[in-house]
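**Student:** What follows is the residue order along each chain.
Number of protein chains: 2
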Amino acid sequence: MTNPRHNVRDIFPATGTEITAKSWLTEAPLRMLMNNLHPDVAENPHELVVYGGIGRAARTWDDFDQIVACLRDLEDTETLLVQSGKPVGVFRTHKDAPRVLIANSNLVPHWATWEHFNELDKKGLAMYGQMTAGSWIYIGTQGIVQGTYETFAEAGRQHYDGDLTGKWILTAGLGGMGGAQPLAAVMAGACCLAVECDETRADFRIRTRYCDAKAQDLDAALSMIADWTAKGEAKSVALIGNAAEIFPELVRRMKTGDASVPNGRPDIVTDQTSAHDPVHGYLPLGWSVSEWRAKQESDPKSVEKAARASMKAHVAAMVDFWSAGVPTLDYGNNIRQVAKEEGLENAFAFPGFVPAYIRPLFCKGIGPFRWCALSGDPEDIYKTDAKMKELFPDNGHLHNWLDMARERIAFQGLPARICWIGLGDRHRAGLAFNEMVRKGELKAPVVIGRDHLDSGSVASPNRETEAMKDGSDAVSDWPLLNALLNCASGATWVSLHHGGGVGMGFSQHSGMVICCDGSEDADRRIGNVLWNDPATGVMRHADAGYDIAIDCAREHKLNLPAILK
Amino acid sequence: MTNPRHNVRDIFPATGTEITAKSWLTEAPLRMLMNNLHPDVAENPHELVVYGGIGRAARTWDDFDQIVACLRDLEDTETLLVQSGKPVGVFRTHKDAPRVLIANSNLVPHWATWEHFNELDKKGLAMYGQMTAGSWIYIGTQGIVQGTYETFAEAGRQHYDGDLTGKWILTAGLGGMGGAQPLAAVMAGACCLAVECDETRADFRIRTRYCDAKAQDLDAALSMIADWTAKGEAKSVALIGNAAEIFPELVRRMKTGDASVPNGRPDIVTDQTSAHDPVHGYLPLGWSVSEWRAKQESDPKSVEKAARASMKAHVAAMVDFWSAGVPTLDYGNNIRQVAKEEGLENAFAFPGFVPAYIRPLFCKGIGPFRWCALSGDPEDIYKTDAKMKELFPDNGHLHNWLDMARERIAFQGLPARICWIGLGDRHRAGLAFNEMVRKGELKAPVVIGRDHLDSGSVASPNRETEAMKDGSDAVSDWPLLNALLNCASGATWVSLHHGGGVGMGFSQHSGMVICCDGSEDADRRIGNVLWNDPATGVMRHADAGYDIAIDCAREHKLNLPAILK
Ligand SMILES: NC(=O)c1ccc[n+]([C@@H]2O[C@H](COP(=O)([O-])OP(=O)(O)OC[C@H]3O[C@@H](n4cnc5c(N)ncnc54)[C@H](O)[C@@H]3O)[C@@H](O)[C@H]2O)c1
Ligand SMILES: NC(=O)c1ccc[n+]([C@@H]2O[C@H](COP(=O)([O-])OP(=O)(O)OC[C@H]3O[C@@H](n4cnc5c(N)ncnc54)[C@H](O)[C@@H]3O)[C@@H](O)[C@H]2O)c1
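If you read the protein sequences in the order shown, they are chains R and E.
Residue numbers for the first sequence follow the UniProt record's numbering, beginning at 1 and rising by one.
Residue numbers for the second sequence follow the UniProt record's numbering, beginning at 1 and rising by one.
Be aware that a few hints might be false.
[Claimed, not checked] A short list of chain E residues far from chain R (calculated; beta carbon distances all over 10 Å):
1) Lys387
2) Ala432
3) Glu441
4) Pro561
[Said to hold, decoys possible] For lysine to aspartate or glutamate, the following EDC-like pairs were computed, each having C-alpha atoms within a straight-line distance of at most 16 Å:
5) E:Lys312 - E:Glu291
6) R:Lys305 - R:Glu441
7) R:Lys469 - E:Glu119
8) E:Lys305 - E:Glu115
9) E:Lys469 - R:Glu119
10) R:Lys122 - E:Asp470
11) R:Lys22 - R:Asp62
12) E:Lys95 - E:Glu115
13) R:Lys565 - E:Asp62
14) E:Lys565 - R:Asp65
15) E:Lys95 - R:Glu115
16) R:Lys565 - E:Asp521
17) R:Lys122 - R:Asp299
18) E:Lys301 - E:Glu75
19) E:Lys95 - E:Glu78
20) R:Lys469 - R:Glu441
21) E:Lys123 - R:Asp470
22) R:Lys123 - E:Glu78
23) E:Lys439 - E:Glu520
24) R:Lys95 - E:Asp521
25) R:Lys301 - R:Glu119
26) E:Lys122 - R:Asp470
27) R:Lys95 - R:Asp65
28) E:Lys565 - R:Asp62
Derived from the structure by calculation, the hints contain no laboratory data.
Where a beta carbon is used, it is the ideal one built from N, C-alpha and C, also for glycine.
Just need the whole structure built from these sequences, with the hints factored in.
**Tutor:** Here's what the structure looks like:
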C-alpha cells in the first residue's frame with residue numbers, strides 16, 4: 001500500500017493576478033494552503049508537514065487535491081468544511097460568511113491524549129493541525145521572529161538594563177519556529193548558541209539567513225560565542241548535538257567555573273525543541289536521528305519513554321540555571337509538564353514566556369498580526385511596510401522593527417510581514433491595505449491573519465494563559481467565542497484547533513484570516529473582524545482583572561457588559 | 001455576603017405581541033432565557049438551575065439581569081457574547097450573523113474535570129450549561145419525552161415484537177429529563193416504576209401529569225405494577241427511595257423468584273439519575289436528601305466518594321439484570337463510567353441507548369427538533385401541529401406522535417412541541433412556520449431549535465457517539481464545525497458547551513436556535529440553517545461509514561467531497 005501522506009510533488013502557490021478559483025475570496029485560501037507547503041516554507045512538505053512536529057496542512061495528499069478542487073469550484077455564497085485536514089462538506093451560506101471553516105485535532109477531553117490521537121491518526125481519522133499549519137496562515141519562520149525578538153528584548157530590559165551587548169542566549173531546537181531564535185537574538189543584540197540534533201535543520205537556517213554559523217562540538221561553539229561576546233558582536237551558532245546532553249554539561253561547566261563558558265554562564269536560557277510531542281518531537285539522549293525516525297514508526301512507545309526521560313534531564317538542567325540566577329524561560333513547548341510528569345518536582349520553577357514577558361501586550365490586544373502578498377511580489381510587502389509607517393508615524397518601535405525585518409528577514413514562499421500590533425491599529429492597517437488593493441497600488445489582494453498564539457484566541461494553561469490573575473487559565477470558552485465571533489464578523493476563513501504548541505490535552509485555540517480583495521464588502525468585514533478579534537483579547541484579559549486590559553477597553557469604548565459594570 | 005445565585009424572584013417570559021427588545025430576533029432569546037427559568041419549567045429556578053444537576057441559564061442573578069438589559073438594547077447588527085452564563089461583550093457584526101453567541105463550561109482537556117470545574121465555579125468563574133439550560137432552548141420535560149418514547153418503543157420492537165402491553169420498565173430519577181420516563185413508557189404501552197429519592201420531584205411529575213401514582217415503599221409500588229400489568233393497563237408509579245438500594249433488592253427478589261416481582265423481572269431496565277455529576281446529582285445510599293444537599297456545600301469530597309460507591313452498587317445491579325437477559329440500557333448519564341472507575345470491570349456490559357436504538361435515526365439527521373410559540377398561546381402550537389400533518393401527510397408515525405403529544409403532554413411555560421424529524425423535513429417545517437407568521441396565522445413568531453443531543457451536534461463517547469463504526473467516538477471536530485456552520489448560516493443564537501449530559505470531560509456539543517419572524521430574510525436563513533444543521537449529522541455518520549447515512553446523503557444530493565468520492 002502506498003502511503004497516502006507521502007508524495008514527491010513540489011507545491012508552489014500561484015502568484016500574479018490570474019486566478020483559478022472563482023474569486024479572490026477562494027483564491028486566497030487556495031494560495032495560502034499551497035504556500036504552507038511551499039518547499040521554502042514547510043519543514044517536510046512531501047509528508048504534508050508544515051512545522052511544529054507533525055503539524056500538517058491537509059490529512060492526506062488526496063485530501064489536499066480535493067481541497068484544491070473544492071476551493072476552485074466554491075461559489076461566493078458557499079462554505080467548505082474541513083475536518084482535521086479532510087474536506088468533508090460544502091454548504092450554502094451567504095456572502096458575508098467565511099468561505100472555509102476548519103476544525104483540527106479536537107478531541108473530547110477525557111480522550112484528549114497523544115495516545116488516543118495517535119491511534120486515530122494511524123487509522124486515518126485524524127490530523128495534527130498545530131496552530132497555523134492546519135489553518136493555512138503559516139508564513140515560514142519569519143512568523144515567529146518578532147515574538148521571539150520581543151521576548152528576548154523584554155528579557156533584556158528586565159534583566160540587563162535593556163542592553164544585551166556581549167550577552168549570549170542558550171537554547172535548543174532549530175525547527176520551523178525555533179529556527180527564529182538565533183536571528184531574533186541577534187536582532188535583540190545578543191549572541192545565540194542553539195543546540196540542534198538534526199544537521200539538515202541547522203543547514204536550512206543557515207541557508208535562509210536565520211543563523212550565522214555551525215559547530216560540530218560544544219568547545220567549538222563556545223569559542224565562537226566567546227569571540228563574539230568579547231567583541232560585542234551579535235552573532236549566532238548552531239551546535240549539532242542533543243540538548244539533553246549539552247544543557248547538563250553546560251551546568252556542570254558553569255558550576256565548576258570552567259573557563260570555556262563565556263561570562264561564566266549563559267545570560268538567558270530557553271528551549272524550543274518539539275517537546276510537546278514526545279514521539280515525534282524530541283530526540284532521546286544517546287539516539288541517532290535516523291534510529292529515532294525509524295522507531296517513531298516501528299516502536300513509538302519506546303521512543304516516547306526515552307524522550308520523556310531525556311526531557312527530564314534537560315529541564316533539570318534548566319532549573320539548575322534558574323537556581324543559579326540565570327533568567328530561564330519555558331518557550332511554549334510544554335517541556336516542564338513532561339518533566340513534572342516524569343517526577344521532577346520543581347519543573348515549573350522557572351516561568352513561561354507569556355506571564356514573564358508577553359502578557360502586558362496581550363492585554364492591549366497586541367500579538368502576532370501578519371499579512372501576506374498573494375501577488376508573490378516583494379514590492380507589495382515593501383509598499384505595505386511604508387504604509388504602516390505612514391499610518392503609525394509616532395511608533396518608533398514599529399518603525400525600527402520594520403526596518404530590521406526588511407533588512408534581515410528573507411521571505412519564504414509568498415512575501416509576508418509580521419508585526420505585533422493590537423486593538424485600534426489592526427483594523428486601520430487592514431482598511432488601508434484594502435484601499436491599496438482597490439486603488440491598484442498593490443498588484444493583487446493581500447490576506448491578513450495572525451497566529452493562534454494571540455491575545456484572545458487561545459486557552460493554554462502551560463503557555464498563553466499560564467498563571468492568569470484570576471486563575472481562569474483553563475477556561476476555553478474564550479477561544480471558542482473568538483472563533484464564533486470571527487465567523488459572525490465575516491472572516492474569510494476560521495479555524496478551531498486543539499493541542500497546538502503544547503500538545504494534546506493542553507490547549508484549545510482559534511485562527512482567522514481575512515482577505516483584502518479591495519471591495520467595499522471587504523471594508524465592512526475588515527472593519528468588524530480586525531476590531532472584534534483583538535477586542536476579544538482585551539475582553540478576556542479585562543475579565544481576568546488586568547488593569548492594562550481594563551484601561552484599554554475603556555479607552556477604546558468596548559461594550560463589555562458584566563466586565564466593565 | 002449574599003449568594004449571587006440565590007433570589008426569590010419568579011421569572012415569567014413575556015407573552016403576546018408587544019416586545020420590549022428592538023426586534024423579534026432579540027425578543028426571542030429574551031423570552032426563551034426567561035422561559036428556561038419559568039417556575040413550571042425549571043427544576044430550581046431561584047438558584048438559576050434549569051435541569052440536569054446544576055445546569056443553569058445564567059451564571060448569577062446579576063448576570064441574568066445584565067443579559068436581559070443587553071438583549072433589550074441589542075441592535076440587529078450587533079452580537080452579544082455570553083461566556084459561561086455571563087454577558088461579556090457586545091460587538092458589531094451584520095444582520096445575517098447570530099444575535100447571541102454562547103460558550104459554556106468549556107475547559108482545556110487536561111483540566112476538564114469536575115474537580116477543576118467546581119474550583120472555578122466556587123470562585124465565580126464558571127457555570128455548568130448542561131445542554132439546553134445554558135443555551136436557552138429547554139422546554140421542560142416535554143423536550144425529552146419523544147426521545148424517551150422512541151427509545152422505549154424501539155426497545156419494544158427489538159425485544160417484545162413491538163408490543164409492550166403488560167410489560168414494565170424499571171428506572172430511576174424523575175428530574176427535568178428523567179421525569180419524562182413514566183409518561184414516555186406509558187405512551188409506548190408499558191408500565192413504569194421510577195425510583196426517585198426526592199419526593200418534591202415526584203410530586204412535580206404527578207402535578208404536571210407525567211406520572212400517575214406515588215408509593216412510599218417497594219411492595220406498594222410492585223403491587224400497583226402487578227395490578228396494572230395484569231389488566232394490560234399502561235400506568236406509572238414513582239417510588240420514593242434510593243435506586244442504589246431498590247435496584248439490588250429487585251435483583252435479589254428476581255433471583256430468588258420472589259412472587260412480588262411482576263413477570264418475575266422488570267422487562268426493561270434503565271436509569272436517569274444525574275450520575276454525570278457525582279457531587280450534585282446522585283444521592284448516596286443511606287443518606288437523607290437534606291443531609292446530601294447540606295454536605296454538597298460543606299463537604300463535597302465526602303459526598304462524591306459516597307455517591308460514587310453507591311453508583312457502583314447501582315450499576316452492578318443493572319449488570320445483573322442484563323446478565324439475566326433483561327434488556328438493560330444506559331440512558332446517557334455516564335453512570336457506567338463512574339462504576340468502571342470505581343472498579344466494576346464489566347460496567348460497560350450493557351449498551352448505551354444511542355448505539356442500541358437511536359443511531360439509525362441520527363444517520364438521517366433525525367433528532368429532537370422542537371419549536372416554541374413566543375406568543376404564549378397554545379393555539380399557535382396546535383396550528384403548527386396541523387401544519388405538520390399537512391406537510392407530511394404520509395408519515396403515520398408523526399401523526400400518531402402529534403396526536404398523543406397533544407392529548408397527553410401538558411405544556412410547561414411557553415407552549416412548545418417536540419418532534420423527531422430529519423434532513424429534508426426540518427427546513428420545510430421551518431419555512432412553513434415562517435410563512436404562517438408572515439400571514440398572521442400565528443399570533444407571534446416561533447423559535448425553532450433542537451437539543452444538543454442530536455445527529456450532528458455532539459461528540460460524547462459514552463453516549464451519542466458510543467461505539468461509532470470507525471472508532472471516531474471522541475473526535476470533536478464535528479460539533480465545532482456544526483456550531484461554526486450554524487453561525488455562518490444565520491442561526492439566531494449558537495452555543496458551544498462541554499460536559500453536558502455525561503459530565504465534565506466526557507462531551508462537547510453545540511446548540512442552535514432560529515427565530516421565524518415572518519420575514520423574507522428569515523426564509524433565507526431558515527432554508528440554510530435547517531438544512532445545513534441536520535446535514536452535518538448525516539455527513540458525520542456518512543464519514544463514519546454508516547450506509548444509511550451515505551444513502552441519505554446521496555438521496556439529498558449533499559456535497560461531501562472526501563466522503564462521497
Ligand atoms: N513560543 C512560541 O511562540 C511558539 C510558537 C510556536 C511553537 N512553539 C513550540 O516550539 C516548539 C518548536 O516548534 P517548531 O515549529 O520549531 O518545531 P519543529 O518540530 O519544526 O522543530 C523542533 C526541532 O527540535 C529539534 N530537536 C528535537 N529534539 C532535540 C534534542 N533533544 N536536542 C536538540 N534538538 C532537538 C528537531 O530536530 C527539530 O529541528 C514546539 O513545541 C512548538 O509547539 C512555540
Ligand atoms: N438520555 C437522554 O436523552 C438524556 C437527555 C438529557 C439528560 N440526560 C441525563 O439524564 C440524567 C438526568 O437528567 P435530569 O435533567 O433529569 O437531571 P435532574 O438532576 O433534574 O434529575 C435527577 C433526579 O435523580 C434523582 N436522584 C438522584 N440520586 C438518586 C438516587 N440515588 N436514587 C433515586 N433518585 C435519585 C434526583 O433527586 C433528581 O430528581 C442526567 O445525567 C442527564 O445528563 C439524558
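**Student:** It remains to establish, for every hint, whether it holds in the given structure.
**Tutor:** Going down the list of hints, with the structure as the test:
The beta carbon of lysine 387 of chain E is kept farther than 10 Å from every beta carbon of chain R, the shortest such distance being approximately 25 Å. In this structure alanine 432 of chain E is separated from chain R by more than 10 Å, as the shortest Cβ-Cβ distance comes to about 20 Å. In this structure glutamate 441 of chain E is separated from chain R by more than 10 Å, as the shortest Cβ-Cβ distance comes to about 28 Å. The Cβ of proline 561 of chain E does not lie farther than 10 Å from every Cβ of chain R; its closest approach is about 4 Å, which violates its non-interface assignment.
Distance restraint check for lysine 312 of chain E and glutamate 291 of chain E: the Cα-Cα separation of roughly 21 Å exceeds the 16 Å cut-off, and the hinted pair is therefore not satisfied. Taken as a hint, the lysine 305 of chain R and glutamate 441 of chain R pair is broken in the structure, with Cα atoms around 56 Å apart against an allowance of 16 Å. For the hint linking lysine 469 of chain R to glutamate 119 of chain E, the alpha-carbon distance of about 15 Å falls within 16 Å, and the restraint holds. Distance restraint check for lysine 305 of chain E and glutamate 115 of chain E: the Cα-Cα separation of roughly 13 Å lies within the 16 Å cut-off, and the hinted pair is therefore satisfied.
For a cut-off of 16 Å, the pair hint linking lysine 469 of chain E to glutamate 119 of chain R stands: about 15 Å separates their Cα positions. Proximity of lysine 122 of chain R to aspartate 470 of chain E is assessed by CA-CA distance (about 12 Å); at most 16 Å being required, the pair is judged to hold. About 22 Å separates the Cα atoms of lysine 22 of chain R and aspartate 62 of chain R, which puts this hinted pair outside 16 Å; it is violated. Our distance criterion of 16 Å between C-alpha atoms is broken by lysine 95 of chain E and glutamate 115 of chain E, whose separation comes to about 41 Å.
About 10 Å separates the Cα atoms of lysine 565 of chain R and aspartate 62 of chain E, which keeps this hinted pair within 16 Å; it holds. For the suggested pair lysine 565 of chain E and aspartate 65 of chain R, the alpha carbons sit about 12 Å apart, so the restraint of at most 16 Å is met. A C-alpha spacing of about 44 Å is found between lysine 95 of chain E and glutamate 115 of chain R, which places the hinted pair above 16 Å, so the restraint is violated. A distance of roughly 34 Å separates the Cα atoms of lysine 565 of chain R and aspartate 521 of chain E; the hinted pair therefore is violated under the 16 Å criterion.
Pair hint lysine 122 of chain R plus aspartate 299 of chain R holds up; C-alpha atoms about 13 Å apart against a cutoff of 16 Å. With a C-alpha separation of about 46 Å, the suggested pair lysine 301 of chain E and glutamate 75 of chain E falls outside the 16 Å cut-off, and the hint is violated. Note on lysine 95 of chain E and glutamate 78 of chain E: the hinted pairing holds, with a Cα-Cα distance of about 8 Å set against a maximum of 16 Å. For the hint linking lysine 469 of chain R to glutamate 441 of chain R, the alpha-carbon distance of about 45 Å lies beyond 16 Å, and the restraint is violated.
With a CA separation close to 9 Å, the supplied pair lysine 123 of chain E and aspartate 470 of chain R stays within the 16 Å bound. A hinted pair counts as satisfied when its Cα atoms are at most 16 Å apart, and lysine 123 of chain R with glutamate 78 of chain E does not qualify at roughly 43 Å. Under the criterion of a C-alpha separation no larger than 16 Å, the hint pairing lysine 439 of chain E with glutamate 520 of chain E is consistent with the structure, at around 12 Å. With a C-alpha separation of about 14 Å, the suggested pair lysine 95 of chain R and aspartate 521 of chain E falls inside the 16 Å cut-off, and the hint holds.
A distance of roughly 12 Å separates the Cα atoms of lysine 301 of chain R and glutamate 119 of chain R; the hinted pair therefore holds under the 16 Å criterion. With a CA separation close to 12 Å, the supplied pair lysine 122 of chain E and aspartate 470 of chain R stays within the 16 Å bound. Under the criterion of a C-alpha separation no larger than 16 Å, the hint pairing lysine 95 of chain R with aspartate 65 of chain R is inconsistent with the structure, at around 25 Å. This hinted pair checks out: lysine 565 of chain E and aspartate 62 of chain R have alpha carbons roughly 10 Å apart, not beyond 16 Å.
The structure does not agree with the numbered hints 4, 5, 6, 11, 12, 15, 16, 18, 20, 22, 27 stated previously, though it agrees with the rest.
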